[in-house]
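Could you build the full structure based on these sequences and the hints that come with them?
Protein sequence lines, in the order shown, are assigned to chains B and G.
For the first sequence, this note's numbering assigns the number 1 to the initial residue and increments by one for each residue that follows.
For the second sequence, this note's numbering assigns the number 1 to the initial residue and increments by one for each residue that follows.
Hints in this document: simulated from the structure, not taken from any laboratory.
Beta carbons: idealized from backbone N, C-alpha and C, even for Gly.
Some hints could be false.
Here are the computed lysine to aspartate or glutamate pairs in the DMTMM-like style, where the Cα-Cα straight-line distance is at most 20 Å [as the list claims (entries may be wrong)]:
| hint | chain 1 | residue 1 | chain 2 | residue 2 |
| --- | --- | --- | --- | --- |
| 1 | B | Lys-90 | G | Asp-23 |
| 2 | B | Lys-230 | B | Asp-143 |
| 3 | B | Lys-90 | B | Asp-188 |
| 4 | B | Lys-183 | G | Asp-23 |
| 5 | B | Lys-90 | B | Asp-184 |
| 6 | B | Lys-33 | G | Asp-144 |
| 7 | B | Lys-90 | B | Glu-180 |
| 8 | B | Lys-33 | B | Asp-48 |
| 9 | B | Lys-33 | B | Glu-52 |
If you anchor each label on the Cβ, the simulated ranges turn out as follows [claimed, not checked]:
| hint | chain 1 | residue 1 | chain 2 | residue 2 | range |
| --- | --- | --- | --- | --- | --- |
| 10 | B | Ala-71 | G | Leu-184 | 45 to 53 Å |
| 11 | G | Ala-182 | B | Phe-47 | 49 to 57 Å |
| 12 | B | Arg-202 | G | Arg-76 | 46 to 54 Å |
| 13 | G | Val-234 | B | Ala-23 | 21 to 29 Å |
| 14 | G | Asp-181 | B | Gln-243 | 46 to 54 Å |
| 15 | B | Leu-185 | G | Leu-273 | 43 to 51 Å |
| 16 | G | Ser-22 | B | Phe-280 | 20 to 28 Å |
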Amino acid sequence: MPRFALAIPAWAWLLVFFIAPVAMVVWFSFGYKPGIFGTHANDVLSFDRYLEALSPTFFSTFLNTLWIGLAGTALCLVIGLPVAYWMAVKAPPSRRGLLIALVMVPFWTNFLVRTIGWQVILAPEGWLSSLLQDVGLIAGPIDILYTRTAVLIGVVYNYLPLMILPLYVAFDRVGAPLREASKDLGADRWRTFVRVTLPLARPGLIAGVLLVFIPLMGDYITATVLGGAKGNMVGQLVASQFQAAQNWALGSAMAVMLIVVIMLTVAIGALVVWLVVIPFRSRNRLVLGDGREEAPAAPVAVPADREPQEVGS
Amino acid sequence: MTIREAQAPMESKVRRSKRSWSDVALSVWGVLVFLFLFAPIIVIIVSAFNTGRLLVAWDGFGFDGFVALLEKPAIRDAVWVSIQTGAIAALVATLLGTLAGIAMARHPGKWVFWFIGLLLLVSVTPEIVDAVALLPWLVFLGQDLGIGLFNDGIVRLVVGHSLFSTAVVSYIVRARLVGLDAQLEEASADLYAKPFATFRRVTLPLAMPAVLAGFLLSFTLSLDNTIIAAFVQVSGTTPWPVYVLSALRSGLRPEIASVSTIMLVLTLVALGLVAFVLRRAGDSATQIARTMTGN
Numbered sequence: 001m002p003r004f005a006l007a008i009p010a011w012a013w014l015l016v017f018f019i020a021p022v023a024m025v026v027w028f029s030f031g032y033k034p035g036i037f038g039t040h041a042n043d044v045l046s047f048d049r050y051l052e053a054l055s056p057t058f059f060s061t062f063l064n065t066l067w068i069g070l071a072g073t074a075l076c077l078v079i080g081l082p083v084a085y086w087m088a089v090k091a092p093p094s095r096r097g098l099l100i101a102l103v104m105v106p107f108w109t110n111f112l113v114r115t116i117g118w119q120v121i122l123a124p125e126g127w128l129s130s131l132l133q134d135v136g137l138i139a140g141p142i143d144i145l146y147t148r149t150a151v152l153i154g155v156v157y158n159y160l161p162l163m164i165l166p167l168y169v170a171f172d173r174v175g176a177p178l179r180e181a182s183k184d185l186g187a188d189r190w191r192t193f194v195r196v197t198l199p200l201a202r203p204g205l206i207a208g209v210l211l212v213f214i215p216l217m218g219d220y221i222t223a224t225v226l227g228g229a230k231g232n233m234v235g236q237l238v239a240s241q242f243q244a245a246q247n248w249a250l251g252s253a254m255a256v257m258l259i260v261v262i263m264l265t266v267a268i269g270a271l272v273v274w275l276v277v278i279p280f281r282s283r284n285r286l287v288l289g290d291g292r293e294e295a296p297a298a299p300v301a302v303p304a305d306r307e308p309q310e311v312g313s
Numbered sequence: 001m002t003i004r005e006a007q008a009p010m011e012s013k014v015r016r017s018k019r020s021w022s023d024v025a026l027s028v029w030g031v032l033v034f035l036f037l038f039a040p041i042i043v044i045i046v047s048a049f050n051t052g053r054l055l056v057a058w059d060g061f062g063f064d065g066f067v068a069l070l071e072k073p074a075i076r077d078a079v080w081v082s083i084q085t086g087a088i089a090a091l092v093a094t095l096l097g098t099l100a101g102i103a104m105a106r107h108p109g110k111w112v113f114w115f116i117g118l119l120l121l122v123s124v125t126p127e128i129v130d131a132v133a134l135l136p137w138l139v140f141l142g143q144d145l146g147i148g149l150f151n152d153g154i155v156r157l158v159v160g161h162s163l164f165s166t167a168v169v170s171y172i173v174r175a176r177l178v179g180l181d182a183q184l185e186e187a188s189a190d191l192y193a194k195p196f197a198t199f200r201r202v203t204l205p206l207a208m209p210a211v212l213a214g215f216l217l218s219f220t221l222s223l224d225n226t227i228i229a230a231f232v233q234v235s236g237t238t239p240w241p242v243y244v245l246s247a248l249r250s251g252l253r254p255e256i257a258s259v260s261t262i263m264l265v266l267t268l269v270a271l272g273l274v275a276f277v278l279r280r281a282g283d284s285a286t287q288i289a290r291t292m293t294g295n
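The structure is reproduced here in structure tokens:
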């Protein structure tokens, strides 16, 4: 029996229901829509659908998606990092289980339902609108539903737990002893955070950014519920080509383009970060011994058994 | 008054004022973000008790939304389809994922690298791409190849919902077994247990907490799946998120919030069970958080 015998069923299942369908979409993307009633044809192969997907009409949606993806990820990082740090370092250890559970609740609430919650909040006739008007902060009803701003609020909300949780895990792993050592050696709290805690939490930082950015780029629901015509994203474009327009060839090309754009952005982002970090490397090496990010597993003496709280209770 | 007595209150005062600005700012920020995280959920739960005709416009407090659920068979059917699909999809994902996870942990080799690559690919592919890919593929299998099974609504949903879950279960089971020494299995083999007996009596019980957690996670993932479901569903077997999605176009009524609230409670119960199972198996809160986000 080969070593991977037990993995064969899963492998076969994913081959038939994941690899094959995606390969079929890639194949469709080189075809064309034959007529009003056809959805796809592949007797003539070309890259024309890709050019069509890049035409000004659709290209603006790609740009819009990329903008929302980058801005949303950046906002998630800015909002989520202090929260994760607070949960892992400042909050009393006995309450950490509860706090994690509280972050999990929105994460596990149905994606569509929580987005509808925002639709209700942002509605011009909703309570937030009337509250802000009563207070006198705004003159008329709030007018952000069905705009790019609404989509941005929605995606930041929807993906924020995916930023907080890996960052929390990373900060938690750094452990108190290293921070105390840094303070004993004369670093103030800001220096300790920037030179010790943050570099050691880098794996969590990278995981959080990827966990937010990748699904955010492919988002379909947030833009559908909150975006309307003005806040269009590629996910909707792909869906509408498959459903309303019945142009599977063009829809497939857009889907492939979406994946390519995501991979390219991640690659470029990684390159930029790498180039920016180079000058700081030698400095950090002094602090971290050999400068490698490998697991600071040893000094973890923290939570687990001492926590009376039950996660999810 | 001794020097020490005089210093003590001053010291504590200094410490408190030193702690203040950044720590207080962090705590305030934390509380604000938690309010942000719960705002729409609270809105939905409150709306569930709205007696008005539209979800957005508050009318009065009452249980009309929940009563409407009992009266409208369409929503009830949708919930039932979701539960059936969730159970079957979770079974499929757990079976496939457990076997794959055990193979990865106990029979490592070069293949694991490629297999994890495949699982990663499944996890990072945008759901909308999976969805538009499965639609023509299932049409191809069901109609062009004439495999009638794939025209069945539940089967199509199960196929769509099982993909990501299979990857999640594989990760969890592998992580659990990699953390445990293989000596127990070796001892079992030394004591002349046949490979299958070792598998059933030693390996599987060791992996059991992860298997159970994986099953419940798969169930909730399936219960919440909207995008793939919207594409592969056949009319007649509409799961509840897709029903909500279609209600979005025709106007949201309070019963949508009511059914959402009930499903939220169901999901939280399942997740509470996951946390309980993992906790019993000795995981820390941090490990549980990692497991539940699938990394």
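Quick one, are B:Lys-90 and G:Asp-23 close enough, alpha carbons at most 20 Å? Holds - the C-alpha atoms of G:Asp-23 and B:Lys-90 are around 7 Å apart, at most 20 Å.
Given the hinted pair B:Lys-230 and B:Asp-143, is their Cα-Cα distance within 20 Å? holds, 13 Å
Holds or violated: B:Lys-33 to B:Asp-48, with C-alpha atoms at most 20 Å apart: Within the cut-off at roughly 11 Å; holds.
Taking 20 Å as the top limit, are the C-alpha atoms of B:Lys-183 and G:Asp-23 close enough? Satisfied, since the Cα-Cα distance of roughly 16 Å is no more than 20 Å.
Verify the proposed pairing of B:Lys-33 with G:Asp-144, using a straight-line Cα cut of 20 Å. With Cα atoms ~19 Å apart, B:Lys-33 and G:Asp-144 stay inside 20 Å; holds.
Holds or violated: are the alpha carbons of B:Lys-33 and B:Glu-52 at most 20 Å from each other? holds, 12 Å
For the pair B:Leu-185 and G:Leu-273, does the Cβ-Cβ distance stay inside 43 to 51 Å? About 46 Å separates the Cβ atoms of B:Leu-185 and G:Leu-273, which means 43 to 51 Å holds.
G:Ser-22 versus B:Phe-280 beta-carbon gap, inside 20 to 28 Å or not: The hinted range 20 to 28 Å holds for G:Ser-22 and B:Phe-280, with Cβ atoms some 23 Å apart.
Does the structure keep B:Lys-90 and B:Asp-184 at a Cα separation of 20 Å or less? Holds - the C-alpha atoms of B:Asp-184 and B:Lys-90 are around 19 Å apart, at most 20 Å.
CB of G:Asp-181 to CB of B:Gln-243, is that within 46 to 54 Å? holds, 52 Å
Between the alpha carbons of B:Lys-90 and B:Asp-188, is the straight-line distance 20 Å or under? holds, 16 Å
Can the restraint linking B:Lys-90 and B:Glu-180 be considered satisfied, given a maximum Cα separation of 20 Å? holds, 14 Å
In terms of the numbered hints stated before, the structure departs from none.
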